[in-house]
Amino acid sequence: MRGMMNRGENGKRFFLVMFLVCGIFYMAFVDPERIYAAPLGEVYAWVKERTGAQEGQSVSGGSLVTDYKETEEELREPQDGSMGAVSEGNLSGPETETAPDPTESSVPESEAVVSTKDTGAQPDSGEPGEIVYTSVEDDYFSDALFIGDSRIVGMFEYGGLEETAEFYAETGLTIYKLLETTVPDAQDPSRKITIEESLSQRQFGKIYMMVGINEMGTGTPETFLEKYTEVVNRIRELQPDAVLYIQGIMKVTTERSAQGDYITNEGIEIRNEGLAGLADNVKTFYLDANPVVCDETGGMEPTYTYDGVHLKAQYILQWKDFLKEHAVVS
Amino acid sequence: MIFNSVVFLLFFLPVFFILYGVTPSKYKNFTLLAGSLFFYAYGNPKNLVFLMGSLVVNFFLGLHLGVGGNNRQKDHNYKKNNKNSRGQRRRRFLLAAAVAGNLGALAFFKIADCLGKGAGLPLGISFYTFQILSYLIDVYRGEVAREYSLVKLGVYVSMFPRIGSGPIICYNEVEGALNRRRFTMDDFQRGLKLFTAGLAAKVLLADRIGILWHDVQTIGFESLSTGMAWLGALAYSMQLYFDFFGYSLMAVGLGRMLGFELPMNFRRPYMARTVREFYRRWHITLGKWFCKYVYVPLGGSRRGELRTVFNLFLVWFLTSLWHGLTPNFLIWGGVLWLCIVLERQMARTHLGERFKVLPHLYLWAVIPVTWMCFAITDLRELGVYLGRMFGVFQGINVRTGDWLDALQKYGLYFGAAFLGCTPGAEKLYRKFKDTRAGELVLVVLFWFCVWRLTMEGNNPFMYLNF
Chain A
14 MRGMMNRGEN GKRFFLVMFL VCGIFYMAFV DPERIYAAPL GEVYAWVKER TGAQEGQSVS
74 GGSLVTDYKE TEEELREPQD GSMGAVSEGN LSGPETETAP DPTESSVPES EAVVSTKDTG
134 AQPDSGEPGE IVYTSVEDDY FSDALFIGDS RIVGMFEYGG LEETAEFYAE TGLTIYKLLE
194 TTVPDAQDPS RKITIEESLS QRQFGKIYMM VGINEMGTGT PETFLEKYTE VVNRIRELQP
254 DAVLYIQGIM KVTTERSAQG DYITNEGIEI RNEGLAGLAD NVKTFYLDAN PVVCDETGGM
314 EPTYTYDGVH LKAQYILQWK DFLKEHAVVS
Chain B
59 MIFNSVVFLL FFLPVFFILY GVTPSKYKNF TLLAGSLFFY AYGNPKNLVF LMGSLVVNFF
119 LGLHLGVGGN NRQKDHNYKK NNKNSRGQRR RRFLLAAAVA GNLGALAFFK IADCLGKGAG
179 LPLGISFYTF QILSYLIDVY RGEVAREYSL VKLGVYVSMF PRIGSGPIIC YNEVEGALNR
239 RRFTMDDFQR GLKLFTAGLA AKVLLADRIG ILWHDVQTIG FESLSTGMAW LGALAYSMQL
299 YFDFFGYSLM AVGLGRMLGF ELPMNFRRPY MARTVREFYR RWHITLGKWF CKYVYVPLGG
359 SRRGELRTVF NLFLVWFLTS LWHGLTPNFL IWGGVLWLCI VLERQMARTH LGERFKVLPH
419 LYLWAVIPVT WMCFAITDLR ELGVYLGRMF GVFQGINVRT GDWLDALQKY GLYFGAAFLG
479 CTPGAEKLYR KFKDTRAGEL VLVVLFWFCV WRLTMEGNNP FMYLNF
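Here the protein sequences come in this chain order: A and B.
Residue numbers for the first sequence, in this note's numbering: 14 to 343.
Residue numbers for the second sequence, in this note's numbering: 59 to 524.
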């Protein structure tokens with residue numbers, strides 16, 4: 014390697030010299046932990062898969078690397094949009110992967126939550142007199158705001174409400190940065206303000222929220238719920254008159270759930286149980302659309318989706334219809 | 059391991075080239091073989107077992123298929139004089155068995171893969187099987203002398219620039235370089251520049267424009283507007299091209315860094331005026347292989363029009379099978395075959411020569427449609443997609459103007475892709491690659507690509523599926 018620099022007379026080796034200089038600079042200063050973490054992670058995953066394969070040979074016989082690569086590709090997808098948030102989850106994914114397991118048995122709210130969750134899922138047979146759902150038309154959403162991740166982006170693009178309702182949706186949005194995410198100012202669209210600022214300027218009649226899938230790789234169900242509670246409280250503070258609908262995280266297909274990364278339907282269920290507990294059923298309600306998009310295995314119906322995570326455009330209407338049938342009119 | 063991974067770029071490449079550089083010329087093949095096997099086995103050592111088995115078996119088959127020494131004339135005379143001798147019959151039988159065995163193994167893995175059983179296709183099997191067949195047939199024909207060195211044959215079959223997705227080459231194209239090649243800083247630098255260009259095509263263009271194709275699938279074909287369906291097909295066409303073209307540039311670049319001159323796999327295919335021409339410029343080395351070992355032995359175009367049409371049919375049928383066993387590939391190959399046959403008739407009228415733009419429009423309409431047959435394995439879905447492209451299938455929840463949004467979002471990539479399809483891009487590269495400014499741009503491109511890869515993870519090459 015040194016040889017090529019010695020012969021660098023007349024700038025003949027300019028390219029190689031610059032290449033090395035740039036490389037050394039890059040390795041030293043630009044995100045070195047990522048560079049070294051990625052291959053180490055690969056080796057780690059490989060070793061883990063190997064030992065795993067030895068324990069349970071019968072699992073699938075699928076090739077180790079192919080499986081891993083697929084996972085990696087899937088992980089990359091949610092962040093294709095614009096935000097870098099998922100990449101954090103991406104790297105920390107393998108480490109926190111096991112986090113949901115120990116907590117599964119010790120979700121504090123679980124007992125208190127079940128009943129309200131049931132009313133969310135089965136509105137007709139709900140506890141008498143508690144929540145009365147009404148069927149509404151599209152104009153119900155004229156003073157509504159939708160906040161959420163790529164799923165809400167799908168609702169924006171294919172729900173047919175883009176003219177009616179307001180959407181604060183961004184691919185890769187997480188609860189952790191929800192309030193700080195910027196949106197165009199209603200008065201002056203060229204200016205960007207945070208969602209928190211926007212909510213303090215402008216009052217909405219209804220607010221529909223759905224976030225939670227992108228942050229499954231970071232933190233635990235407890236930290237997620239803690240942050241979610243904080244955000245809900247803040248929104249309640251800023252929007253005292255709005256009806257707030259907390260939507261349960263939409264599940265992924267059973268196949269996608271079994272793929273072996275941090276996104277699992279079990280993890281979603283744990284989080285949804287927690288979310289259901291945030292409803293006071295006076296001004297804040299919990300809605301779970303999963304029954305209309307899931308199959309008997311408890312995951313998203315495979316024909317409804319290409320990537321196992323996002324509903325195809327034509328099935329977004331089913332989700333919208335569910336919301337229209339579950340409006341609370343005070 | 060794949061080229062566009064951090065492990066390859068930042069660890070394998072420097073370590074390998076330092077080792078390769080310090081190895082004395084005589085032993086460079088050893089280093090290259092060892093490096094290639096490591097490259098191949100990394101992450102999936104099981105595949106290596108099959109590759110090694112195949113290599114050793116075919117090495118001995120090659121020894122038995124050849125006759126005489128290195129004297130081709132002697133070989134030719136021997137065959138002429140002993141056409142039906144016992145030795146000749148034995149050789150013919152051996153060749154048939156070898157071809158059947160290699161193709162059988164390939165078919166076995168493809169069928170298992172198609173049925174969703176087994177461990178998936180071993181990496182690059184379609185490519186290295188064809189390499190091996192080419193060697194065996196050439197030895198049988200006496201076009202190359204049998205190789206007595208397992209190491210050299212091993213390098214020919216498995217050298218890491220080519221093992222994943224070609225280019226597929228004949229033994230005599232690299233025979234000289236295998237025996238004696240020069241490893242110079244000039245070649246290293248030239249190769250690295252080419253590699254960088256390929257990496258940029260893959261990471262900054264193919265992967266970016268591929269997101270649109272991914273979006274189209276996420277939306278669901280039923281809900282695409284006609285414009286969006288065409289835009290999606292166009293996006294896939296560009297993604298596939300720059301993915302495979304980028305890979306091929308990287309392969310040729312790596313080859314040059316090592317001291318090999320590998321052939322180019324593409325010659326601006328989207329500038330072609332007919333489908334015939336397109337496939338003489340697309341994946342050239344595969345086309346050549348089929349031409350040399352299937353089309354020409356069957357008589358090529360020398361036995362009358364009807365026979366030519368049949369020969370073409372067989373070539374395209376086999377090409378379809380090579381890509382995959384799902385019926386969509388047969389449709390893909392069938393449509394192309396039909397186009398080519400019709401074009402042959404059209405060519406006699408010399409009608410196309412009178413128009414300048416029309417043939418290009420024809421190509422840009424036909425090729426994206428055929429790529430959809432190539433990309434969508436589910437026949438019902440394929441029907442829906444084509445139906446949406448031509449407005450036959452009634453859409454569900456279609457958002458008018460979706461394609462305008464997409465065009466706004468991906469317009470820049472489309473612009474760059476179109477430029478990349480023209481001779482202009484190549485001229486630009488040639489003109490500036492040795493200037494200071496051009497070199498600086500390439501250096502920055504390389505490290506920018508590495509940065510992108512660390513940010514978003516790598517995306518396997520599309521032709522690794524075949």
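Hints were generated in silico from the structure; no laboratory data involved.
Heads up, a few of these hints could be off.
List time: in silico BS3-like cross-link candidates among lysine-lysine, alpha-carbon distance up to 25 Å [stated by the list, open to error]:
(1) A/LYS240 with A/LYS190
(2) B/LYS104 with B/LYS168
(3) B/LYS210 with B/LYS86
(4) A/LYS25 with B/LYS210
(5) A/LYS240 with A/LYS296
(6) B/LYS210 with B/LYS350
(7) B/LYS210 with B/LYS84
(8) A/LYS25 with B/LYS485
(9) B/LYS350 with B/LYS168
(10) A/LYS25 with B/LYS104
(11) A/LYS205 with A/LYS190
(12) B/LYS467 with A/LYS205
(13) B/LYS346 with B/LYS168
(14) A/LYS61 with B/LYS175
(15) A/LYS61 with A/LYS25
(16) B/LYS210 with B/LYS346
(17) B/LYS104 with A/LYS61
(18) A/LYS240 with A/LYS205
Beta-carbon label-pair distances, calculated as ranges [unchecked claim]:
(19) A/LEU53 with B/ARG334: 48 to 58 Å
(20) A/TYR57 with B/PRO355: 22 to 32 Å
(21) A/VAL34 with B/PRO355: 49 to 59 Å
(22) B/ASP463 with A/PRO304: 26 to 36 Å
(23) A/TYR57 with B/SER359: 53 to 63 Å
(24) B/LEU71 with A/ALA41: 12 to 22 Å
Yeah, the Cβ is synthetic: ideal placement off N, Cα and C, and Gly gets one too.
Status of the hints after comparison with the structure:
1. A/LYS240 with A/LYS190: Distance of about 10 Å is within 25 Å: holds.
2. B/LYS104 with B/LYS168: 17 Å, holds
3. B/LYS210 with B/LYS86: Judged against 25 Å, a Cα distance of about 10 Å means the pair holds.
4. A/LYS25 with B/LYS210: 33 Å, violated
5. A/LYS240 with A/LYS296: Holds, at about 20 Å.
6. B/LYS210 with B/LYS350: 23 Å, holds
7. B/LYS210 with B/LYS84: Distance ~12 Å between B/LYS210 and B/LYS84 Cα, so the pair holds.
8. A/LYS25 with B/LYS485: 21 Å, holds
9. B/LYS350 with B/LYS168: 23 Å, holds
10. A/LYS25 with B/LYS104: Since the Cα atoms of A/LYS25 and B/LYS104 sit roughly 44 Å apart, the hinted pair is violated (cutoff 25 Å).
11. A/LYS205 with A/LYS190: 15 Å, holds
12. B/LYS467 with A/LYS205: 20 Å, holds
13. B/LYS346 with B/LYS168: Between B/LYS346 and B/LYS168 the Cα gap is close to 22 Å, so the pair holds against 25 Å.
14. A/LYS61 with B/LYS175: With Cα atoms ~23 Å apart, A/LYS61 and B/LYS175 stay inside 25 Å; holds.
15. A/LYS61 with A/LYS25: Violated, at roughly 47 Å.
16. B/LYS210 with B/LYS346: Distance ~23 Å between B/LYS210 and B/LYS346 Cα, so the pair holds.
17. B/LYS104 with A/LYS61: 16 Å, holds
18. A/LYS240 with A/LYS205: OK: A/LYS240 and A/LYS205 at ~24 Å, within 25 Å.
19. A/LEU53 with B/ARG334: 48 to 58 Å: The hint (48 to 58 Å, Cβ to Cβ) holds, given that A/LEU53 and B/ARG334 are roughly 50 Å apart.
20. A/TYR57 with B/PRO355: 22 to 32 Å: 51 Å, violated
21. A/VAL34 with B/PRO355: 49 to 59 Å: Holds: the Cβ-Cβ distance is about 54 Å, inside 49 to 59 Å.
22. B/ASP463 with A/PRO304: 26 to 36 Å: Between B/ASP463 and A/PRO304, where Cβ atoms are some 32 Å apart, the hint holds.
23. A/TYR57 with B/SER359: 53 to 63 Å: Given range 53 to 63 Å: holds, Cβ gap about 57 Å.
24. B/LEU71 with A/ALA41: 12 to 22 Å: 18 Å, holds
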